[in-house]
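Number of protein chains: 2
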Amino acid sequence: MATKNNVAVVLLSGGLDSATVLAIAKNKGLACHTVCFDYGQRHIAEIEASAVISRKLKSKDHRLINIPLDAIGGSALTDLSIDIPKVATKGIPITYVPARNTIFLSFALAIAEVVKAGKIFIGINSIDYSGYPDCRPEFINAFQKMSNLATKEAIEGLDISIESPLINLSKSEIIKLGTSLGVDYSITVSCYSADKGGNACGNCDSCRFRQQGFKEAGISDPTLYIKS
Amino acid sequence: MATKNNVAVVLLSGGLDSATVLAIAKNKGLACHTVCFDYGQRHIAEIEASAVISRKLKSKDHRLINIPLDAIGGSALTDLSIDIPKVATKGIPITYVPARNTIFLSFALAIAEVVKAGKIFIGINSIDYSGYPDCRPEFINAFQKMSNLATKEAIEGLDISIESPLINLSKSEIIKLGTSLGVDYSITVSCYSADKGGNACGNCDSCRFRQQGFKEAGISDPTLYIKS
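Just so you know, the sequences run in chain order A and B. Take the first sequence: its position 15, counting from 1, is numbered 5 in the numbering used here, and each next residue is one higher. Take the second sequence: its position 106, counting from 1, is numbered 96 in the numbering used here, and each next residue is one higher.
Please note that the accuracy of each hint is not assured.
For chains that are exact copies, the list does not tell them apart, and a pair is met inside one copy or across any two.
Computed list of lysine to aspartate or glutamate pairs in EDC-like fashion (alpha-carbon distance at most 20 Å, straight line) [what the hints assert, rightly or not]:
{"no.": "1", "residue 1": "106", "residue 2": "60"}
{"no.": "2", "residue 1": "109", "residue 2": "163"}
{"no.": "3", "residue 1": "48", "residue 2": "146"}
{"no.": "4", "residue 1": "50", "residue 2": "211"}
{"no.": "5", "residue 1": "46", "residue 2": "128"}
{"no.": "6", "residue 1": "135", "residue 2": "149"}
{"no.": "7", "residue 1": "166", "residue 2": "206"}
{"no.": "8", "residue 1": "166", "residue 2": "60"}
{"no.": "9", "residue 1": "18", "residue 2": "185"}
{"no.": "10", "residue 1": "217", "residue 2": "206"}
{"no.": "11", "residue 1": "106", "residue 2": "149"}
{"no.": "12", "residue 1": "50", "residue 2": "38"}
{"no.": "13", "residue 1": "186", "residue 2": "163"}
{"no.": "14", "residue 1": "48", "residue 2": "206"}
{"no.": "15", "residue 1": "135", "residue 2": "174"}
{"no.": "16", "residue 1": "46", "residue 2": "163"}
{"no.": "17", "residue 1": "18", "residue 2": "163"}
{"no.": "18", "residue 1": "166", "residue 2": "146"}
Everything labelled a hint here was simulated from the structure, so no lab data went into it.
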């Protein structure tokens, strides 16, 4: 039977980063419980990719949790009346979803308590990213301190560690690492405006970082783009 | 138009504590956006009470957010296969819901960003309570530090303050304070096993704290109990 220290909860959006993180956790010999959120985002193809990736990497189980962030609004990712920018913008972009990673990590914490996981993996990185506040190392450190006080596990002396192995890697470093671990990036979906088949737009922030990453890594980009 | 500092998000479960907190916030002249969570708990009557209390105290709006904590499990409040204890138990009781307040506050943070609220009110207290880890002042302080780093508002220099005005009050002090502010406790529901009409069991932890509170406050208990 798995002991506490080799059980992990892995946030798995279905994108390039989280797929890499799952491969890292599996490579450490951890039994992984994956979780994906349907939060009213536009990119449904990412949700389907998440389940495929979880199965392909032999996770222990996979949860799809519905959370109505679209009822809260305030982001181009959850509000269909706000357009996704097609060019880079200054400051924190409109694709920022209020408190998204705080909410995701809170659910992961609840799952970690129930499945007795000692680790939560999240694929955030603070290098090639869109400037979201909840992708920074200082945010993760503060969430760790808070979660050490939040749970029954914590009271009983068993902390749950928040692991963000990509936090200081560039997109190209992430792609090189994942490729060395055998990640099949053709089944991951990063695009904010992907079509139902998971084909990417090639224009949004997320597509731009991904394309640049493959280029810099010198690895052929397996992404399928929408034919224009 | 309301300025940032007189807008608040108030977590309103429909119980005695959160109704008192809403009255405190209203008494400060704040425009209150109330939020209640349907998290698969047994006590649906509490959810209905929340909407009634919000309307009665003239809140700006009321949100009911569905979050599937029952799919995560691990608590007698969300898992029908676990019985609610009828007598006090030692340690953290089985009614503890993994990471519940962390999740609730995370959603409140998202709403606060969207409605530009400078305050989030939560009715936790650490005196007459069931020993839940996420009802302690040190948890709230850590959540505050984390949330100061989590949001776009925070990056732009506008922190959202977490207010827990009941944290050091006993149940009888809360009841006295609420009564002085005109709270009608007959419409609040605290019981973990209330029937569909909101009648309380009189036996669970929550009922016991409430009964004792009215007794110590010397205020007649308006709670309707299930006739045995």
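Here's how the hints hold up against the structure:
| no. | hint | verdict |
| --- | --- | --- |
| 1 | 106 - 60 | between (31 Å within a copy, 17 Å between copies) |
| 2 | 109 - 163 | neither (23 Å within a copy, 40 Å between copies) |
| 3 | 48 - 146 | neither (31 Å within a copy, 42 Å between copies) |
| 4 | 50 - 211 | neither (29 Å within a copy, 50 Å between copies) |
| 5 | 46 - 128 | neither (33 Å within a copy, 41 Å between copies) |
| 6 | 135 - 149 | both (10 Å within a copy, 19 Å between copies) |
| 7 | 166 - 206 | within (10 Å within a copy, 66 Å between copies) |
| 8 | 166 - 60 | neither (34 Å within a copy, 39 Å between copies) |
| 9 | 18 - 185 | neither (34 Å within a copy, 49 Å between copies) |
| 10 | 217 - 206 | neither (24 Å within a copy, 73 Å between copies) |
| 11 | 106 - 149 | within (10 Å within a copy, 34 Å between copies) |
| 12 | 50 - 38 | within (17 Å within a copy, 38 Å between copies) |
| 13 | 186 - 163 | neither (29 Å within a copy, 56 Å between copies) |
| 14 | 48 - 206 | neither (30 Å within a copy, 57 Å between copies) |
| 15 | 135 - 174 | neither (35 Å within a copy, 38 Å between copies) |
| 16 | 46 - 163 | neither (22 Å within a copy, 56 Å between copies) |
| 17 | 18 - 163 | within (19 Å within a copy, 52 Å between copies) |
| 18 | 166 - 146 | neither (40 Å within a copy, 35 Å between copies) |
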